[in-house]
Structure formats: structure tokens, C-alpha cells
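S.K.: So the protein sequences, as listed, match chains A and B. With the first letter of the first sequence counted as 1, position 108 gets the number 107 in numbering that gives the first Met the number 0; the numbers rise by one all the way through. With the first letter of the second sequence counted as 1, position 114 gets the number 113 in numbering that gives the first Met the number 0; the numbers rise by one all the way through.
Keep in mind that the hints are not guaranteed to be accurate.
To be verified - Okay, derived cross-link-like pairs now, EDC-like style, lysine to aspartate or glutamate, Cα gap no bigger than 16 Å in a straight line:
hint : chain 1 : residue 1 : chain 2 : residue 2
1    : A       : K62       : B       : E2
2    : B       : K4        : A       : E44
3    : B       : K4        : A       : D19
4    : A       : K65       : B       : E2
5    : A       : K71       : B       : E2
6    : B       : K47       : A       : E182
Stated by the list, open to error - From the derived model, a few chain A residues whose C-beta atoms are all more than 10 Å from chain B:
hint : residue
7    : Q104
8    : A116
9    : V134
10   : E148
11   : V239
To be verified - Here are some of the chain B residues that sit facing chain A, going by a computed Cβ distance under 7 Å:
hint : residue
12   : H20
13   : L24
14   : L28
15   : W49
None of these hints come from the bench; they were simulated from the model. Glycine residues also receive a C-beta, built at the ideal position from the N, C-alpha and C atoms.
Chain by chain, the residues:
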Amino acid sequence: MSDRLTSLREAIQQVFPQVDGVLGIRRGPGGIISPYLFHSEHPEELEALAIWPKEPLPDVLRKIQKAHPEAKLAIVCRGCEERGVVEMMKHSQLNWDNLTLIGLQCTKEEAEFCRCAKPYTVHAKIVVGEPIEGVPDPVTEKVAAMSREEKQEFWKEQFLHCIKCYGCRTICPQCFCNICTLEDEKFVETGRLPMPNPSMYHLIRAMHMTAKCVACRECEETCPADIPMAVHFRLIARDVQEMFSYETGAILEQKPPQLLVLEEGEYERTGLPH
Amino acid sequence: MIEYKSVLTTCPYCGTGCTLHLQVLDGTLVGTLPAKEHPISQGGLCIKGWNVHAFVNHKDRLRTPMIRKNGKLEEATWEEALGLVAEKLGEFKAKSGPDSIALLTSAKCTNEENYLLQKFGRAVIGTNNVDHCARL
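Using the sequences and the hints given, assemble the complete structure.
M.R.: See below:
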């Protein structure tokens, strides 16, 4: 762990002269970690640099880049965060040309915590740590192997605990629409808990994550009810792979299936929030 | 220089004490993130906590005390407002005794603020009529 931290510090210092800031995480008061933009003017701040637990950095990057479109920024990213950055670039949420990726490879323990199939980066030119193989996802496999009745009971029990905090939606780096269906009272009734029809919230979200979820599991981590919602997204990702041969974050030039259009410029013409 | 930092603080909405980070970009509040690894909220928040940044600079937020004059709320200074409260409390106490006054405090305040309010009630006004929203 400490070796990887030292290498990351060195990698960031190497990148400093070429960028206006490096987005990573730091350990603050009380030992609590949070995202932070490091600067070459203050290399001493790298003393507080941290690597775990991870934070939804691509979303923070989007906020910074929106305010500073011309700034040259670097981001410390794990496999999932790199995939997040790639998908956001494809949906016009990030300017790829102004970005430098510092790829941080996950350890086996970290990958097991996230039940991650791809705990490594593939596009980053600067790489810290040794890439390892993916690990199995026992929760997804357990649900996939259930009978129809068992599945229904399992999800009913899980959804019963939902407190509708919208945390999974809010923390998700891939949830960037200006208008959110989940805030439409036609679909998600306000003021009642447990939700009379929780599938509306959770399955609308699952559908909207189609070919977008990058398996970072920030949603599950922030869920006060411990609902394993990443299972939905991971099972849907298998179908997307089968139907469209599309894998999030994998190939830079490949358009996501929801952006398939017959004429160039068609997506922009619709005026949809993107 | 672009400045992005997170300010660790406690959610002001209820007595649970969830911890969160206020996201500050170039000196402006832009969002909220839960604090992972914190023993109370463990990286989670409720919908109010997630939107805690929204009221800080909201246009409807009251920025001065308001005093009702001729049936209409008007902006006032803290000196005026506190002066009016002290005057009225003194008036009620003189007319009907200290037990005509009760103090209700809140789970949204800190222990220290709650302590001060009961001290004010008992030592200054002279009543034990102190209660709390969590007991109601």
C-alpha cells in the first residue's frame, strides 16, 4: 500500500509541470478522506495524498471542467474511474483533449471489496501499481442463479429498505442529465415511505444505466439501506455486450448504443440534455 | 489557480449528526458529498443531507431578523430583534411570573447550545419550563 502511495506521489510530481492541477484524494481532519485538487505550487500538500477508499472523482472533474473548460487537468483514476471518464467524454460531459490520466491499479483486496471484473486501467499512459486480474462477483452470480420466485422475494425485501435518499442517483458520475425522470411525480411519488412502487425508482434507474454504468459501485457504497443495485447494472451490461458488442470505457472510438444515429449531428439536433 | 476543496462538516438538519463534505470550487459552494469512513453516517446521507448545499445561497433564505409591524413582516437589525424579545420576556415575567414562560429547544442545535438555553431559562428567567422537540 505505502509503495503504491509513494509511486503515486512521484507520478503526480512528474505531471505537475504540464497541468493546472491534479485531482486526487487527500486525508483531511479526523483522518477522513475527500477529493482534492493538488497544485504544483504546493507540492507539500502531497503529504496528505491518500488512495483508499475511492471517491467519485470523475463527477468532481466534470464540475471543475465545466467552470474551467480550457484548464489542463490530470486525474488519478482507477479502472472504474477511467471507464467513467471515457463514457463522460463520449456523452460530451468532459473535454478529453485537456485531460491527463494517471492510472492507479487496484489491489486484490480493493477489487474484492468492489467485486470488480476489471480493476485496472487501459488508456492511461502513466501507470502506478501492478495491474491484477479481475475477481468474481458472488452477489451478482447468486442473484442470477435464483429462481423467478426467489428473485421476486429478494428484490421486494431489498426495495422495502429504500429511504429514497436519491444518493445512488446523485453520486453516480454517469447521472448527469439536466432533467431527471426520477424527479417526475408521474413516475416516483413524493412523500411516501416505503415507496408503494419501488420498482419504478429502481428499474427506471437500471434502464437509464444501460450501456452507461462503469461498475464503480459508488451507488452501493453510499446506499444507507445496503441495496445491491449494481447487480441490476451488471446483468444489464451482459445483455448490452450481447446485443451491441458494447463495453463501457473499453474502446475510445466506439459510440455507445444510445448515441447510434443515422445522420451526423442528429443527437445535437434533438436538443436533448447531453 | 483553480481551487477545489472539501469542507468537512455535520449535517444541520436533524440530531443524527451525519457527516458530509461541502464541495467548494473557487470559493463557491457547488455540492455535497458524504464522508466515507465516518463512524456515524458511514458514507451515506438522506435526501436532505444530499441537498444541504442548496439552502446556503438560496434566494428565499432569510438574511436578517424579521419583526411584524402592523401585521407585516419587516426586516430588522439583530439589536432591534433581540431588544424586542428581551423587552417582551421582561414584561411577561413582571406581569405573570417566570413560570408563564417556557423554553423549547431543538435536536438541530448542539449540546452546548441546548445547555445554554436551559441555563438562560433557569438562571435568568427563573423557570424550569424547559423542553425539547425530541420528547414531544
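S.K.: Of the hints stated earlier, which fail here?
M.R.: 14
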